[in-house]
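**Student:** Sequence:
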Amino acid sequence: GAPMTAACPNCGALNRPGAKFCGTCGATLSATPGEATAAAPRLPATTERRLVSVMFVDLVGFTPFAEERDAEAVRETLDQYFGMARLAVERHGGVIEKFIGDAVMAFWGAPFEEPGHAAQACHAALEMIARLKQMQTKWKAEGKPVLDIGIGLSTGVASVGNMGSELRYGYTALGEPVNL
853 GAPMTAACPN CGALNRPGAK FCGTCGATLS ATPGEATAAA PRLPATTERR
903 LVSVMFVDLV GFTPFAEERD AEAVRETLDQ YFGMARLAVE RHGGVIEKFI
953 GDAVMAFWGA PFEEPGHAAQ ACHAALEMIA RLKQMQTKWK AEGKPVLDIG
1003 IGLSTGVASV GNMGSELRYG YTALGEPVNL
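Sequential numbering from 853 applies to the sequence shown in my numbering.
Be careful, since some hints might not be right.
Stated by the list, open to error - Within a straight-line C-alpha distance of at most 25 Å, the following computed DSS-like cross-link-like pairs (lysine-lysine) qualify:
1) K950 / K872
2) K996 / K985
3) K950 / K985
Hints in this document: simulated from the structure, not taken from any laboratory.
These figures come from a predicted structure and were not determined experimentally.
Generate the whole structure from the sequences, applying the supplied hints.
**Tutor:** Given below as structure tokens:
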């Protein structure tokens, strides 16, 4: 049958099959749905100051691209781009914080400390550039417009934790390194 979704042991949110961290609160998920999660580290109940590395990735020229195309064609392109970005970030130990329009925000060093996170963020950025070149070759061969990306990286102390309102919140980072 179809892979089962994983329920977060911290907040109860349902997550995609194979996810390592909860998309709502950032808690570690078990490798197998239904597997005991009592030993999984818990997120702090409040925010904390933490040295993090933050990445923002944005499609260059996306607004005119989107204005000239059907929404489904735009979604298809975004799905390919977001999938590429997610793979690069996760392969290098980062966490996708959110997709915002055509942008990606990811960070390293939270929810759990990770030595060398700045180098890992740089490796993820370089992998994205290499993977994008492959995508550009494919798009060109298919007669589709070739898009480029801009990547910003920053390392510094941020406030990290569950933030938002009583009914809607998420695990995120705020502060100077986030304001690229």
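**Student:** Now look at each hint and say whether the structure bears it out.
**Tutor:** Going through the hints against the structure:
Distance hint between K950 and K872 is fulfilled; the C-alpha atoms sit about 15 Å from each other, no more than 25 Å. Under the criterion of a C-alpha separation no larger than 25 Å, the hint pairing K996 with K985 is consistent with the structure, at around 14 Å. Restraint check for K950 and K985: the C-alpha separation of about 23 Å stays at or below 25 Å, so the hint holds.
Comparing the model with each numbered hint stated earlier shows that all of them hold.
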